[in-house]
Amino acid sequence: MAILVDNNSKVIVQGITGGAGRFHTERMLQYGTKIVAGTSPGKGGEKVFDVPVYDTVEECVKNHQADTSIIFLPARFVMEACVEAIYAGIKFVVVIPEHIPIFDMMQIRKEALKHNALVIGGNTAGIITPGEVNLGIMPDIAFSPGRVGTVSRSGSLTYYVADTLTRTGYGETTCVGLGGDPVLGTTFDEILWLFEKDEKTKAVVLVGEIGGVYEEKAKDTISKMKKPVIAMVGGLYAPQGKRMGHAGAIVEGEMGTAQSKLKALEQGGAHIAKTFLDIPEILKKLGI
Amino acid sequence: MAILVDNNSKVIVQGITGGAGRFHTERMLQYGTKIVAGTSPGKGGEKVFDVPVYDTVEECVKNHQADTSIIFLPARFVMEACVEAIYAGIKFVVVIPEHIPIFDMMQIRKEALKHNALVIGGNTAGIITPGEVNLGIMPDIAFSPGRVGTVSRSGSLTYYVADTLTRTGYGETTCVGLGGDPVLGTTFDEILWLFEKDEKTKAVVLVGEIGGVYEEKAKDTISKMKKPVIAMVGGLYAPQGKRMGHAGAIVEGEMGTAQSKLKALEQGGAHIAKTFLDIPEILKKLGI
Amino acid sequence: MRLYEYEAKKLFSRDGIPVPQAEIVKSPEDARNFAKKSGKPVVLKAQVLSGGRGKAGGIKFALNPEEAKEKAAELFSLKIKGFPVEMILLEEKVDVEKELYVGVTIDRLNYKLVIIVCTEGGMEIEEVARKSPEKVKKINLDIDEKLYQFQAQSLVKWLGVKGEQIRNVGNIISSLFKVFKSYDAKLVEINPLILTRKGEYIACDARMSVDDDALFRHKELSEMGIEKRHEEGEMTQREKKARGWEIPYVDLDGDIGMFPGGAGFGIMGNDFIHYFGGKPANFMDSGGGPTPERLAQMLILLDENPQVKAIFGARFGGISRCDDFAKGVVMFLKEHGLSKPMVLRMTGNMWQEGVRIFQQAEKENPEIFRNIEIHGIETPIEEIAKRAVELAKKM
Amino acid sequence: MRLYEYEAKKLFSRDGIPVPQAEIVKSPEDARNFAKKSGKPVVLKAQVLSGGRGKAGGIKFALNPEEAKEKAAELFSLKIKGFPVEMILLEEKVDVEKELYVGVTIDRLNYKLVIIVCTEGGMEIEEVARKSPEKVKKINLDIDEKLYQFQAQSLVKWLGVKGEQIRNVGNIISSLFKVFKSYDAKLVEINPLILTRKGEYIACDARMSVDDDALFRHKELSEMGIEKRHEEGEMTQREKKARGWEIPYVDLDGDIGMFPGGAGFGIMGNDFIHYFGGKPANFMDSGGGPTPERLAQMLILLDENPQVKAIFGARFGGISRCDDFAKGVVMFLKEHGLSKPMVLRMTGNMWQEGVRIFQQAEKENPEIFRNIEIHGIETPIEEIAKRAVELAKKM
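Chains as they are written, first to last, in the numbering used here: chain X, 1 to 288; chain F, 1 to 288; chain L, 1 to 395; chain V, 1 to 395.
Among these hints, one or two may not hold up.
Said to hold, decoys possible - Derived lysine-lysine pairs resembling BS3-like cross-links, with alpha carbons at most 30 Å apart:
#, chain 1, residue 1, chain 2, residue 2
1, L, K112, F, K110
2, F, K10, V, K55
3, X, K114, V, K60
4, L, K198, X, K91
What the hints assert, rightly or not - Computed, partial: chain L to chain F, Cβ under 7 Å:
#, residue
5, R108
6, I143
7, A214
8, G261
9, G317
10, I319
To be clear, the hints were calculated from the coordinates, so they are not data collected in a lab.
Note that beta-carbon positions come from the ideal geometry of N, C-alpha and C, so glycine has one too.
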């Protein structure tokens, strides 16, 4: 068991003929990810590592029953690509590129909700269900199949958490990178809730960091969960970041500081880890 | 019983301080229509025939539990006024002005559907439930309480039908003017269905005319109705009107001619009247 | 309200749709100059608002400047559906590899905007759509919905466009949709959208209608000289006179003058006259709430028409009041008299006042009411129509 | 990315928002001329991108041209958060009857656009909102939702604006929302929106931030000279050098040089150093997939910093590959050598290749690896951080 992706996922790569698309397609295939097709408008008919290339997502879905997509395209093309996937019936999209315009991300979010799809990113390292599917740019070495789910905004922090869980024998069910952009396709809540419902996941590690508001938003979800959540937040010693003017302060209040995030997560009932090494300690105490 | 409006309707007049608004407010009040308030931005606090004026519809709803609105404003202000009413919770809006831009009507239709409201017009003579409420510009003299519902795109044809029903003793439950503009807030279907569900209405007279597509659309509804529908269509001898280019012809096909309308209505099961005087004859034959 | 082809192309081109090299000319000499400057074969297209331009001989080709001048002169002497040709659009001739169709319009039935493409362009697209619906594909959008590029491109791919051109033609569709939305259009069409032998796509004809009722918010159109305009063919003297008074009026070939109230009844009344064996001499609409002056003008049009043998009048006072109606009729009678019999029915808002005005006027000038029968709500309108047919036959 | 006040006002004004008579001046003499031409008392506002301009003395008033010149000279000699004042916005002084606040921003939590008004303008609006939330009202809209005029007007009415001005101020809000949407803004604010003694409303200050990531689709901004720009205060020499190399870098006051991989870990690593009793000398981010050249530059910045006593390096190869990482480090070591001890952890994508590159280089030049400890996945990153703190303390 896993969340969002497993070895039944039929994956397409949008932008498969580009440099990054090609490079990571090979890596993901090597991991065992079932990449059934790729898209590149105008290049339909070509092949990349034996994966057939189409002009449109619609054709990938029609010919290969694709249900999952990963996007390797310049930021300015991501909104179109993502909505194309959603309209074609893809239910899960991973947006690797960073610097997606905020309005575009909001449009994506709206279409995703409307069509009951889920988009992670932009600026995510992707998602991995160890031993089954690696969808993104995460290094295989950090991960091993196991019983803890992880969710983080940062790719590098995802690696360090998995590295720790792997080294201490817990392993991971699925590791989800939400992405580092200011407005994200999916927030902690939705992923936490999927982990809550996933049989194999015994606990969830949430890694947050200074800036943004999504950690604070997770508070209520955590308080409703039965499974333990271990939370770690980076940036306690970082100088205060910039705010989005007065209006931003009115809308977001005191949210965004590491303190505010830690406080919210703790109030929600999360167990706080200061370092990665605290995580297995806490898991042990929880009897997991 | 009646449809859409009766003597419990709490009506507001949007544009009550204008010439037409003022004139018809007086007429409607004289008929017994419960006009609880009016709007005119910037003139809140004034009174028109003892009816209190507000700046916004919101205030009318808050202070007078208004549920119905009639609009007497220049065409260019209608979309805003109509959506304002819908957002404020008004469930039935009568749009008297003509020449509402088509895009505006489509926006109104969308908001109305979304908020479960009904808008008739633009370019309608209004709606009347004889003996209870006259909402619009229809002449009282044509109408009397009774047992036949009428729905028409044309004001003058509504009068002649009612005149005939009144003279022959049938009288009317409610007479609805859909309006003469090319794109309307409400089509025949919705009104027919309301009549079908209205206890007091024993039969419905539908009057159509050359141009547009709404008569053809009514076919399926008529075929599903248990109550008899008597249909009359004007324009059999009118020279063929203009079409909206090739694309219009693709979308609307052969619709729009009096022949096409009569055919569709007859196929739906309507009884066809050639003149107004045919209507009471048909009613008599139907045993109504 | 339809735009001239050259106006539509200007708007299309502003939003990035490729159109042929072109110029509007108003004289044969200018046509020659354009052809000379261009150095290529040219197309001459009469700029008229009515349809059927091709069939009327409104499009010509010329291989050289002299021929261009000649053909232009021919066009300038042409009338298309009664309109003289005053402007010609000269364009460089395009080598045609393939012709497609792209259009955007409104689906009133479903309250949607519709983008339509067809694999066969350059012809009567509605015929193609009827006979071979599989050659047509549509996308429906809500009024405030976006057209995504991928949606446009999926239409383009369906059309069979290949490779790099998918994006370009997708952009043409997106631009066309943008034009449609920007100007409150009812219709925009590129027919044909040409694939040239060089492999480029170019809009060879352009059709565009905008919503008259939304013109108030498009100053940019009036700045281009696009104002409310008339699309009808050559008008009769009477129709021109009516237009001068802003009265919607059309001459027909019967003998009963129609003096109706209300657009809806105007249409139905015409049917009634036919039902009862008569033929109307005209269509007319008073507009909502006409003034006495306008009503008098309407009667002048009928009285002066030698075809008219009798007049059928009807007024059901709604937004138009019966008192104003009576005032208008009396004003006309006093100033002009009426040379033909007229039967009227008047009821509705302010009918008592209307009756009073007629009675007063008749008391003062009984002679001007000699030929006139006035009825009220007690007489069915059908009886009035029959009476009018009768009166006309008697004459 | 923040715009200068005068740029924001230009955009606001284009969309119909009233702003004071104004001019940008670059010399005291020009300030005098503006005041002379205007003949009225003027306000002088330093144009800087950082906040706290008022507190820093960046706003001055002048009653006459000579005073304007004087005050301008004062402003031009000022530095605000390290930035010299190079432009002054001169405006005619407005007589204030009342100050309001109007703003539009993004609610990331709920994925909404938010229009905010407040009955008290001209001050720190977030303070007002915190202490007196009843003075603030908001409307939330979806990204592709319309702002209806009646919605804007209902906010205006709520603000207490009366009569004819309801429509005008409603239009100001609609225009502000349009500006927000047109330029992919993250924030637009009018604070204060002034009601003048004459009864007119005018935008006296303007604040606007746009989404850097959407600049590519706003040629109209770059045509106004609005390009990606820096908002930070005065930079250290090293920060300037880093900026030249396009490396995000900030000097801190500790002694451990941070050579991290990944933005997330950059932040967390800083906390770790603190947890273990050390203090970082800097923040740094490599960006996604740095080249060996960039990695070498990052090390140059740390090596040349006399504050740095030891270097803490971490690379978890994801989109950044370990082989490139190793190449960059070796390139630096060969060309510059390293004057400080460094402890590194390297694992992730292509780690085997990375290890091989280090081994090969050490075999060829063992002396350059003298001060360097390289660990792999077997050592927890916390141990590396502790070791870095230890090394720094030893120095």
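Verification of the supplied hints:
The suggested pairing of K112 of chain L with K110 of chain F holds, with an alpha-carbon distance near 10 Å, which does not exceed 30 Å. Straight-line distance between C-alpha atoms of K10 of chain F and K55 of chain V comes to about 56 Å, which puts the hinted pair past the 30 Å bound. At roughly 52 Å between alpha-carbon atoms, K114 of chain X and K60 of chain V are farther apart than 30 Å, so this suggested pair is violated. A hinted pair counts as satisfied when its Cα atoms are at most 30 Å apart, and K198 of chain L with K91 of chain X does not qualify at roughly 41 Å.
For R108 of chain L, the shortest C-beta to C-beta distance to chain F is roughly 5 Å, which falls under 7 Å, so the interface hint holds. Taken as an interface hint, I143 of chain L checks out: its beta carbon lies about 4 Å from the nearest beta carbon of chain F, inside 7 Å. Checking A214 of chain L against chain F: minimum C-beta separation of about 4 Å stays under 7 Å; hint holds. The restraint placing G261 of chain L at the interface with chain F holds, with a minimum CB-CB distance near 6 Å, inside the 7 Å limit.
Taking 7 Å as the C-beta cut-off, the interface hint given for G317 of chain L holds, the closest approach to chain F being about 5 Å. A hinted interface residue such as I319 of chain L counts as satisfied when its beta carbon comes closer than 7 Å to some beta carbon of chain F; here the least separation is about 5 Å, so the hint holds.
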